[in-house]
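Chemist: Each chain is listed here by its residues.
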Amino acid sequence: MGGLQRTPRHQRRRSPRLLPPHCRRVRTSPCFSSTSSFFFFFFLTVKIGNRTCSLQPLVGRPFGSLFSVGPSGLVPCADAPSRDDRMQDAADGPVQDETRDNRSLVDNNTAQNLSSDDIEAMKRDGVSGDEIVEALIANSSTFGKKTVFSQEKYKLKKQKKYAPKVLLRRPSTRSICETYFKKSPARTGFMRVDALSLLLSMANVGPYSDVLVVDMVGGLVVGSVAERLGGTGYVCSTYLGSAPISIDIIRMYNLSSDMTSRIVQAPLSDLCSLQNSGNAPSLLNDNIQGEAPETTAVPVENSQPSVPQPADTAISDEKAQSSKEQSIDIDISEPLLDEHINQDGDSSLDCKGDEDGSSIASKSLKAGKTPSPEKMKYWSEHGFSSLIVAAPGHDVESFVADLLPLLSYSAPFAIYHQYLQPLATCMHSLQVSKLAIGLQISEPWLREYQVLPSRTHPHMQMNAFGGYILSGIRIHNGDACNGIK
Amino acid sequence: MMVPLDPSAKPTSQRRIAEGDTVVVYERHDAMRAVAVRAGAVLQNRFGVFRHDDWIGRPFGCKVHSAAAGGGGRKGGGKGGGFVHLLAPTPELWTLVLSHRTQILYIADISLVVAYLELVPGCVVLESGTGSGSLTTSLARAVAPHGRVCTFDFHEQRAASAREDFEKNGLTSLITVAVRDIQGQGFPEEHTGAADAVFLDLPQPWLAIPSAGTMLKQDGVLCSFSPCIEQVQRACEAMRSCFTDIRTYEILLRTYEVREGALKGATTNEESNAGPLPQKRRKLVAPAETLDDIQNSSCVMVRPCSTARGHTGYLTFARLRVHGG
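Chains as they are written, first to last, in UniProt numbering: chain F, 1 to 485; chain U, 1 to 325.
Quick caveat, the hints were computed from the structure, so don't treat them as lab data. Each hint should be verified, as a subset may be incorrect.
What the hints assert, rightly or not - Dumping the calculated SDA-like pairs for lysine to any residue here, alpha-carbon to alpha-carbon at most 25 Å: (1) Lys434/F - Arg303/U; (2) Lys434/F - Ile246/U; (3) Lys155/F - Ile246/U; (4) Lys158/F - Arg247/U; (5) Lys377/F - Gly57/U; (6) Lys434/F - Arg259/U; (7) Lys161/F - Arg247/U; (8) Lys434/F - Gly81/U; (9) Lys434/F - Arg247/U; (10) Lys377/F - Arg15/U; (11) Lys63/U - Ser429/F; (12) Lys158/F - Asp245/U; (13) Lys161/F - Val322/U; (14) Lys434/F - Val322/U; (15) Lys434/F - Val302/U; (16) Lys434/F - Ala67/U.
Bound conformation, chain U alone (with noise of 0.2 Å):
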């Protein structure tokens, strides 16, 4: 469902929200949850309370109403309700909706993982551990529809919960979910010499990655995550002996707001602007809500957010060598 693993199962604008469908449902950029659609079913937020048999029926992507006043939320009820939009499940916003189990891989991480493993559709890749399955996801997406994601998490639990969304997100063809201690005991023997890519976020990294090459194709990559420095340097001293093109990279994404506003000028030159503007600088304001009292000296500006995560880990790739060429 969240990957399509043939043409019919992807998400159109003709296709309905149906029973059983997984939702997002989208409050604010911040504010998302997975819902799962169920008959007689309600949802209930800060915008009110929503009937999931509202919802059935309708496209993703729609807004709907909340039937009734929200208990929790401000008493501005009386406007007859808020709204939320619902969307089609994607690997991007079940990152923004799964349970933390662990600390996950975010958008920058994920996507460069995914582009450094050179992972095609048809590759088979190896992860450990699982953890929460966000990034599990995107690797699904991309080997997808005939490749196969094969994760390991020492974590018996943590591999349950995975296993139980990847089969509620139809991910089941694609991805294998094993209780295993990689760093002790290595990747199965089955995988030997049969994997595209492994990917390895494990505390102790160094200790998976001889099996790691054992695993790989000729040729083929391997990428640690470590948010610890250390780890980066005992883990990259761990594959000089069979891996080249060793690489460590630290991404991070800056975000930015936009606001349409007017400044002041150096003089306040009353005649030319009759208008509130001159006088008081004002508050610069969410475009859409003044769009009517917007003057034509106001203008579209733009400055980094003030908050961004700031740090997540360091990612080391390395390219299995080739022997005797």
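Extracted from the complex, chain F is given alone in its bound form (with noise of 0.2 Å):
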């Protein structure tokens, strides 16, 4: 019940059970700098282009504080304006008037009189990155031919390198999201965060849902139906074979420990062989640990596991796929495992004999608990509210005939894809099967605009595939009501 008093979220900011001042470790949450690139800070400490920043200047302070980055670390702002104003103030006035062009600027590499010798030197000396700014564009010749426009452009990309601000923000389906697709989105499917959003709608994910989830993008999902769910419901992931997916991206939505005790895993066939005996399976009886989900919630401090791959590898297979242009690089640093361990001694590795024994069942821990009996019986009496289908390495075709049977009548789902073909062929078999109605694949399009005066139009670069959704609703075909009287 106590998940249903949830505190609304921006009272529980500031709250020293979250950000306990005496812990130094900082739980995981998306940021994003002013590059606009996102990133996870992960335990102790950040890389910021080059400078490694502790993360302690984060505890304490709320979400939407802004940074910046200097010689000793990350500074908070203190009300700095934002790139928005000081665009908005180059924006006025001169705009419309503008004379200038670009026929005498020759790109020789000579513009710039400082050379990187002097540029370290100022930064061994302490200069702080906008003075490093003010110096270049002193010492550039050609800035002062340069249109406004290109004059703030040029500021920015400058102030990028030299003087990157940090807006810290909290983790949520959509910052984590971003940032999985920015940073390595091989690992969550290229799913695409209206993609996500979508597969949420679609599937009518809201409270008291019972959501079954096939979740082979990392857990990106499943976390995202669990801070929908907001402590009610459930949501069931399951998987194939008998070895759990893992499902770490979880660790990064803050989830309280209402919300995760709603997280279950169970393999499918476990739930096929329920919903066609219509009785619980006699190994799961013996699984005390599975019994009664809402007591056993564990305080979410204490369940971050101990290995923190998923920001880890997220960010090494990464760096190649890091955009090109962006000066600053940022990466996150090693996370200080032995630290962890100490922290968290008494936790997270009481492996409780799950019974299979899979290390990823109990690493993945009290968020994918298995399924009581009774909670079983009831979803096969009852069938699942919705379904979301997310392993875009599959072919969704061969389960998803297995998956909609679990579902009660007249229960939407959604099924993600990055390859049109597997849905095209799973969308066919459905509709010869009958077993659903209402079947479409869509495809969402996104693009940013860049809005400013005078000069609004759709952002340069653009991401051109966000993923497919096949959607449908599924039907009573059962004799029952076939009948003609």
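Hints are included, so try docking the two chains, each in its own frame, into the full complex.
Modeler: Here you go:
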């Protein structure tokens, strides 16, 4: 019941429980810098550009705080005007009657009089980033000839490099999905945030839903469903075979213990056999741990698994993909494993024997309990409220046929895929089997705009692909209803 | 009902359609309507006459047949009448069946708004205008069971109709509808600093943005939806003074149609296919109807539907700046 009384997040934000001042480990939070690149910070330090910054200054700060990166690390910005203001200031007035153009600009690499050694020297002397930018402008022989727009662009580019700003953002479906999509899209099956949002809508995820999920995108979907459930209902993460799939990303969501306790994991074979027999399989009955999920909730602080691989791997395979022209290369420091284990020694390593002893199961821990036999029985009789499948590497047709009968009649479902063909085949077979109606394959298209006075246009670069979704509604096609009186 | 407020209210396979329930009558993916089930009532459509009495006691998602051949439909009533499916209403279905009193938001925009406003159960969200209540219903689901949607429209009659709809859909405890000109008067003071998110769909959003900033909690998110780029331009200018992370997006959906069929090869090789395939180009037909005569060479093909919504509006999101840190 505690979950129902969840404190509004804005009040929880500064709560010492979430960010204990004495605890040096900072919980994961996506941030974004003024370069609009996203990253996770993890534990103690974060690497911004080539500077390793302690995360200590973030502790106790509200989400939405702005930090600048100084020689001594992250420094809270004292209400500095945002870049939007700066753009605005520059844009006012001279915009309309701009007379300069680029006719006299010659790109011969001699415009800047400061050498990289000069800049390094300034840095060593503790000159602030903003001052370096000023110096660069003063020493640029062409700056004055540029248009106001390109002067602004120049300034912003230099600021990104020498005086980066970091905005502390709350981990949410939006920020987490955006971060993974930007930093390591392969890990989440190239699922863009608009596709994920559509999945959640199309599957009617809301309070008290029992959502069946096949999440092969690291837990992104399970976490976002749990967030929407807000400590009510259940998200049942099912998997093929006997070993649960990793849903580690759920740790990024800062889920409360109520919300975490609503995440259960069960093999598809168990769900199906239950469906067919109408009885709980016996192997579930001796799993005491699985009983009464509501009461075995564990505080979130302790539920951090000991091996922080997601951010870690996310970043390493990402370097190659990270965008070319970005001046800041944000990276994440190696997590300090030892220290972390010491802090968390009392928790997260208690692998109570799951029936198949899967290490993943015990690692992704309290969040992935086996559902109680009662719950399993309930679901076999009442069906799940909806289904989301995100198995971007699988032939979904083969197991969607097994999954749909687990849904209640009239339950909506949404199947994500990075390729169109598997969904087309799946849709076709559903049409033939008459298991579902309202079938539709859709592909979201998301374009961002630059909105500035006299300079509004779509971004020059856009992501052209965020995934495909097959949606539909499971219907009752039993004899009872077909009968014509 | 549409958004369960306690666990027992959600539709499951055990739930049966009862008098007073709203069902979505599904004819085709583009032909649906919401119907309140009343004993003795009938529904008449091109597939025939359907008696509500026949529906009561059936599970949601069931297929029901017409009692008599339809009047307006084809004369093919001889087949024993047509059928429809009875679905449990969801906010997504509601968007497809509600009566359009205004231009409405559709699923792509709605889902992005809900995600980008970072709505979770328990949030308080302000909306203006209410319009036909398409987005409002999804906002209510996102903040339920203990959150709140306060929605405002300056049009008294529209507000009343929306209120009626919300009541019918069992959303009254989640949504408050008020008549108010938000552009002129701003949001009511009682919400100052209390809103997790604010959504504006107004002709002149810039007039309401200062008030929206006052209503939001620290780090709260504002969204403004406008069909025209000039509106976006002015709205963004108004946001710059106290918002940060101002981003404007456009989202569209491309839908695909799936067919099973076979294509002619470069050379017609009569000997390999004895069937009619090589001789005349087969029309691509809906697979379900031709299951029997599908040739081995046929395959499932997919292409984008030729019509689509080309523009809905621009969505601008912004975050209330945190002062002082």
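Chemist: Taking the hints in turn, state whether each one holds.
Modeler: Results for each hint:
1. Lys434/F - Arg303/U: holds, 22 Å
2. Lys434/F - Ile246/U: violated, 46 Å
3. Lys155/F - Ile246/U: Cα-Cα ~19 Å, so holds.
4. Lys158/F - Arg247/U: Judged against 25 Å, a Cα distance of about 22 Å means the pair holds.
5. Lys377/F - Gly57/U: Cα-Cα ~23 Å, so holds.
6. Lys434/F - Arg259/U: With a Cα-Cα distance of about 15 Å, the restraint between Lys434/F and Arg259/U holds, given a limit of 25 Å.
7. Lys161/F - Arg247/U: Holds, because 22 Å separates the two Cα atoms, which is no more than 25 Å.
8. Lys434/F - Gly81/U: Holds, at about 19 Å.
9. Lys434/F - Arg247/U: With Cα atoms ~43 Å apart, Lys434/F and Arg247/U exceed 25 Å; violated.
10. Lys377/F - Arg15/U: holds, 16 Å
11. Lys63/U - Ser429/F: Holds. Lys63/U to Ser429/F sits at ~19 Å (cutoff 25 Å).
12. Lys158/F - Asp245/U: holds, 19 Å
13. Lys161/F - Val322/U: OK: Lys161/F and Val322/U at ~24 Å, within 25 Å.
14. Lys434/F - Val322/U: Violated, at roughly 53 Å.
15. Lys434/F - Val302/U: holds, 19 Å
16. Lys434/F - Ala67/U: Status holds; Cα separation ~22 Å.
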